[in-house]
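Colleague: Sequence:
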Amino acid sequence: MSSNAYIKLVPSSSQQAISTEELKDLFNYYKEITSKTGDQVAWNYENSAFPYELKEKEDGKGTWFYLQSSQDRYNAILIGIDKESVVNEDGSEREQSYIQITLPPTATAGDKGKANEFSKFIGKKLQGELHLFNGRIMYFYPRK
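This note's numbering puts the first residue of the sequence shown at 624, with every later residue one more than the last.
What the hints contain is simulated information worked out from the structure, not anything from laboratory work.
Each hint should be verified, as a subset may be incorrect.
[Stated by the list, open to error] With a straight-line cut-off of 25 Å between C-alpha atoms, the simulated SDA-like cross-links for lysine to any residue are:
(1) K747 / T660
(2) K678 / T729
(3) K647 / G733
(4) K743 / Y653
(5) K631 / T660
(6) K735 / R766
(7) K743 / I656
(8) K631 / V709
(9) K743 / T729
(10) K631 / P727
(11) K654 / S671
(12) K743 / S626
(13) K684 / Y668
(14) K743 / G661
(15) K680 / G661
(16) K654 / Y689
(17) K678 / A640
(18) K647 / D713
(19) K631 / Q694
(20) K654 / Q694
(21) K684 / S642
(22) K747 / R717
(23) K654 / S692
(24) K735 / G683
(25) K735 / Y721
(26) K647 / P727
(27) K748 / F763
(28) K747 / L649
(29) K678 / Y668
(30) K680 / A730
(31) K706 / S692
(32) K748 / A672
(33) K735 / D705
(34) K735 / R717
(35) K647 / S635
(36) K659 / E676
(37) K684 / F650
Hey, can you work out the whole structure from these sequences and the hints?
Modeller: What follows is the structure, encoded as C-alpha cells:
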C-alpha cells in the first residue's frame, strides 16, 4: 500500500506556488550539499546519503517525476505538485499549492527514511507545512 506526505505552501510560506523544475533544482541542490559533506570527511558519501537519480516520464511532465535508486536497500520515491481549494477562517476560499511525496507499495524502509529526510529539507527551504507519512504535522513557516 502506498503512503503519502504533503508539503503545503501556506500564505506565510516563502513562495505560494512551485513548478516541477524548481523541485528538480531543489533535488540537485540537496544532492550537491550531501556530496560536499562527503568531500569534507574524504568519503564517497553522496552515494549513501541520497542514492537516487531523477527520472521523468512523458505523461508526467510538469506535474510529477520520480527518484529511482539502483541500490538494493532502496527502490523509488514519487514527487508531484498540485493545487487544492482551502477555506480561510473568514469564510473566503483560496487556492493552495502542495507537493505530494508518495512511497509506492514496493518502497522499502530505506525509501521512507530518505523521503522523510528530503521532505523535511523541502519544508524548511520553502517554509511550508509538512504533513508526514505518519500523520503528524511539522510547521516550518513563521506563525503568528
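Colleague: Is K678 within 25 Å of A640, Cα to Cα?
Modeller: This hinted pair holds, its Cα atoms lying about 22 Å apart.
Colleague: Does S642 sit within 25 Å of K684, going by the straight-line distance between their CA atoms?
Modeller: Within the cut-off at roughly 10 Å; holds.
Colleague: Assess, step by step, whether the Cα of K680 is no farther than 25 Å from the Cα of A730, and give holds or violated.
Modeller: Given that 25 Å is the threshold and the Cα spacing comes to 19 Å, the pair holds.
Colleague: Compare the distance between the alpha carbons of K659 and E676 with 25 Å, and conclude whether the hinted pair is satisfied.
Modeller: holds (17 Å)
Colleague: Quick one, are K654 and S692 close enough, alpha carbons at most 25 Å?
Modeller: holds (13 Å)
Colleague: Is the straight-line distance between the alpha-carbon of K748 and that of F763 25 Å or less?
Modeller: holds (9 Å)
Colleague: Assess, step by step, whether the Cα of K747 is no farther than 25 Å from the Cα of R717, and give holds or violated.
Modeller: holds (23 Å)
Colleague: Need the status of pair K680, G661: alpha-carbon distance at most 25 Å?
Modeller: Judged against 25 Å, a Cα distance of about 31 Å means the pair is violated.
Colleague: Regarding the pair K647 and S635, is the alpha-carbon distance no greater than 25 Å?
Modeller: Holds, because 23 Å separates the two Cα atoms, which is no more than 25 Å.
Colleague: Measure nothing beyond the straight line between the CA atoms of K743 and T729; if it is 25 Å or shorter, mark the hint as holding.
Modeller: holds (22 Å)
Colleague: Checking one constraint from the list: CA of K631 to CA of T660, max 25 Å. Satisfied?
Modeller: Judged against 25 Å, a Cα distance of about 29 Å means the pair is violated.
Colleague: Checking one constraint from the list: CA of K748 to CA of A672, max 25 Å. Satisfied?
Modeller: Judged against 25 Å, a Cα distance of about 18 Å means the pair holds.
In this structure, the hints that do not hold are numbers 5, 6, 13, 15, 18, 19, 31, 34, in rising order.
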